[in-house]
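Residue numbers (our numbering), protein chains in the order written: chain A, 105 to 222; chain B, 105 to 222; chain C, 105 to 222; chain D, 105 to 222; chain E, 105 to 222; chain F, 105 to 222.
In short, the hints are calculated from the structure, not lab data.
Since the structure is predicted, the reported quantities are computational estimates derived from the model, not experimental observations.
Just so you know, not all the hints are guaranteed correct.
Which copy is meant is left open, so a pair is good if it fits within one copy or across any two.
[Unchecked claim] In silico DSS-like pairs for lysine-lysine, Cα to Cα no more than 30 Å straight-line:
no.: 1; residue 1: Lys150; residue 2: Lys132
no.: 2; residue 1: Lys177; residue 2: Lys132
no.: 3; residue 1: Lys149; residue 2: Lys132
6 protein chains.
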Amino acid sequence: MSNLVEDFNAYRSQMNEKIMAADNLIIKRIFNLDTNAYQEGILSKKTKELIGLACSMVLRCDDCIKYHLEESKKAGLSNAEIYEAMAIANLIGGTIVIPHLRRAAEYLDALDTKPTPK
Amino acid sequence: MSNLVEDFNAYRSQMNEKIMAADNLIIKRIFNLDTNAYQEGILSKKTKELIGLACSMVLRCDDCIKYHLEESKKAGLSNAEIYEAMAIANLIGGTIVIPHLRRAAEYLDALDTKPTPK
Amino acid sequence: MSNLVEDFNAYRSQMNEKIMAADNLIIKRIFNLDTNAYQEGILSKKTKELIGLACSMVLRCDDCIKYHLEESKKAGLSNAEIYEAMAIANLIGGTIVIPHLRRAAEYLDALDTKPTPK
Amino acid sequence: MSNLVEDFNAYRSQMNEKIMAADNLIIKRIFNLDTNAYQEGILSKKTKELIGLACSMVLRCDDCIKYHLEESKKAGLSNAEIYEAMAIANLIGGTIVIPHLRRAAEYLDALDTKPTPK
Amino acid sequence: MSNLVEDFNAYRSQMNEKIMAADNLIIKRIFNLDTNAYQEGILSKKTKELIGLACSMVLRCDDCIKYHLEESKKAGLSNAEIYEAMAIANLIGGTIVIPHLRRAAEYLDALDTKPTPK
Amino acid sequence: MSNLVEDFNAYRSQMNEKIMAADNLIIKRIFNLDTNAYQEGILSKKTKELIGLACSMVLRCDDCIKYHLEESKKAGLSNAEIYEAMAIANLIGGTIVIPHLRRAAEYLDALDTKPTPK
Chain A
105 MSNLVEDFNA YRSQMNEKIM AADNLIIKRI FNLDTNAYQE GILSKKTKEL
155 IGLACSMVLR CDDCIKYHLE ESKKAGLSNA EIYEAMAIAN LIGGTIVIPH
205 LRRAAEYLDA LDTKPTPK
Chain B
105 MSNLVEDFNA YRSQMNEKIM AADNLIIKRI FNLDTNAYQE GILSKKTKEL
155 IGLACSMVLR CDDCIKYHLE ESKKAGLSNA EIYEAMAIAN LIGGTIVIPH
205 LRRAAEYLDA LDTKPTPK
Chain C
105 MSNLVEDFNA YRSQMNEKIM AADNLIIKRI FNLDTNAYQE GILSKKTKEL
155 IGLACSMVLR CDDCIKYHLE ESKKAGLSNA EIYEAMAIAN LIGGTIVIPH
205 LRRAAEYLDA LDTKPTPK
Chain D
105 MSNLVEDFNA YRSQMNEKIM AADNLIIKRI FNLDTNAYQE GILSKKTKEL
155 IGLACSMVLR CDDCIKYHLE ESKKAGLSNA EIYEAMAIAN LIGGTIVIPH
205 LRRAAEYLDA LDTKPTPK
Chain E
105 MSNLVEDFNA YRSQMNEKIM AADNLIIKRI FNLDTNAYQE GILSKKTKEL
155 IGLACSMVLR CDDCIKYHLE ESKKAGLSNA EIYEAMAIAN LIGGTIVIPH
205 LRRAAEYLDA LDTKPTPK
Chain F
105 MSNLVEDFNA YRSQMNEKIM AADNLIIKRI FNLDTNAYQE GILSKKTKEL
155 IGLACSMVLR CDDCIKYHLE ESKKAGLSNA EIYEAMAIAN LIGGTIVIPH
205 LRRAAEYLDA LDTKPTPK
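Just chain A, with the same shape it has in the complex (with noise of 0.2 Å):
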């Protein structure tokens, strides 16, 4: 299960190069904001995670779901307050939600068993 972390983190740079490729413009500036506004600010870099983790719940992608938990766990969120913003997005978003949360309870167990890449 451990190979869930790399697999995903392997195509995400890849395919993040492939797009760069492209040049698109706007493209390249959603990619530059995105980089920069979960940076330390007039909120916690902890918040602004919990934030992007309960959005990505309620808007259903497991991809983002996937980045989000990663960078929580770098941040120095537990798993209880991690599970807790999770429940407060599936409260929110409804029963929907449940299988966006039964593979991110799989991907949290990934990150626990291998020490978080660098």
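Fit chains B, C, D, E and F to the given chain A structure using the hints.
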């Protein structure tokens, strides 16, 4: 193809256990409510399953569709009735729903080839 | 409050006419299909309306909800049955559905205070 | 403009009563769960409100946004913090969120001009 | 009915100012990017507006639809072309899109009765 | 990677057959309408495909994106034009669209490495 059903149910059970182990109160109450809501009541189990199926189609959640397809069969609904509910969902939700209809057709077939798990 | 129903239906008819006047072939075929789909058939008119209502709730479309509430009443469904369908939609779609449930409650009330338009 | 807040809250209370009067068990349990979920707990009330606000933005529910804006102010969050959460939601949800950001800005202003209702 | 256009544009400008006054860096960059993206470039302004209109239809954002209807007219698109784009959006997005098509028809009419604001 | 295209098309055809075999009238009419809607008409085939692609992006349907990418190439659109349409969709739909952009980049590459299937 008949492994589709078993794999889906095995993954579902395994991950539900992981989620329950996290012991989050809000999530546990949502799961509990979800279990009870589809029982025979003011509306028949059949009608509730068709509503669950159609809502899963328009919200485009493959796992939710699979779950409600299996429950619909268990409740005694015919494939013609199931397809009619999916047709209304397709009309309401538009052609964006069609890829999910494809996967639903595949899963319904898998349910028909093997005995519905008890 | 009883003007809610009349105003909704008047606007709906007037705008449908405007759309038909544009004479777009694709749109005309969609409207035609929509008119026929909810007729008694493989599933009963009642079941189809509950499906239409629940899908409108999870997709959070107030006008679609109003339309299916009125059709549900015409088909002879009780308020308890209507609320049960909306409850399942609320569970599936989450608390984000609640503001639409409020407007549905208001409209259902308006339908009850005045005779359903023929 | 200060009537915005009062009107919203009055309509909300009145319709919640109507819904409760329908006495549907599933809906009552969802409402009950919703009331409890945002209380101070594993995550702070402030963090939960920002999560609720951002999720409401990306799901584009104006009434939910209004509710969480008011709760955010009550919890002691500053406008800068609120805007930062909405900014992340805007980035995640895209420019389709902007019209809801406009109505949020209007409502936040209305909350600032009159004392927050107790 | 011709006030529809003026009211929409006035509210839009006024609220954009309020948002800009909040001076949030992420939001300002999104607004800036939004302004530039629809300019004549790799794709024509006309094609971009039709894409913007159709996306606004399937995402069911009335204000976004209004904005792109007005920009489409300014770019010289005919009502027949505009309706064809909306028809494809209606097909992709399903009958849930129809209430938004009604409001689009109303707004397009309002744009035709009064001179497009400069 | 070049199997991506063949696998997608084979699965699509096979499942469409299964769906057609169910012989549901509403579904057959939707499929029929879908086939005809994208033909050269009031708008060019190219414009319609870009609209279909962008709508599929903002609605985040990978299979729909794949289908319209292939049709876009067949219609003679360049990768730069395709990326510009996807960029606008990314802006409208937000960063939640990015994982779908990654899979689109992968599929577009696969379409370029092998001759487009007839």
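Original post:
For the identical chains here, do Lys149 and Lys132 meet the 30 Å Cα criterion within one copy, between copies, both, or neither?
Top reply: both (23 Å within a copy, 20 Å between copies)
**OP:** Could you figure out if Lys177 and Lys132 sit no more than 30 Å apart (CA to CA) within one copy, between two copies, both or neither?
**Re:** both (27 Å within a copy, 23 Å between copies)
Original post:
30 Å Cα cut-off: does Lys150 pair with Lys132 within a copy, between copies, both or neither?
Top reply: Cα proximity of Lys150 and Lys132: in one copy and across copies (26 Å, 23 Å).
Figure legend: structure checked against the earlier numbered hints; every hint is met.
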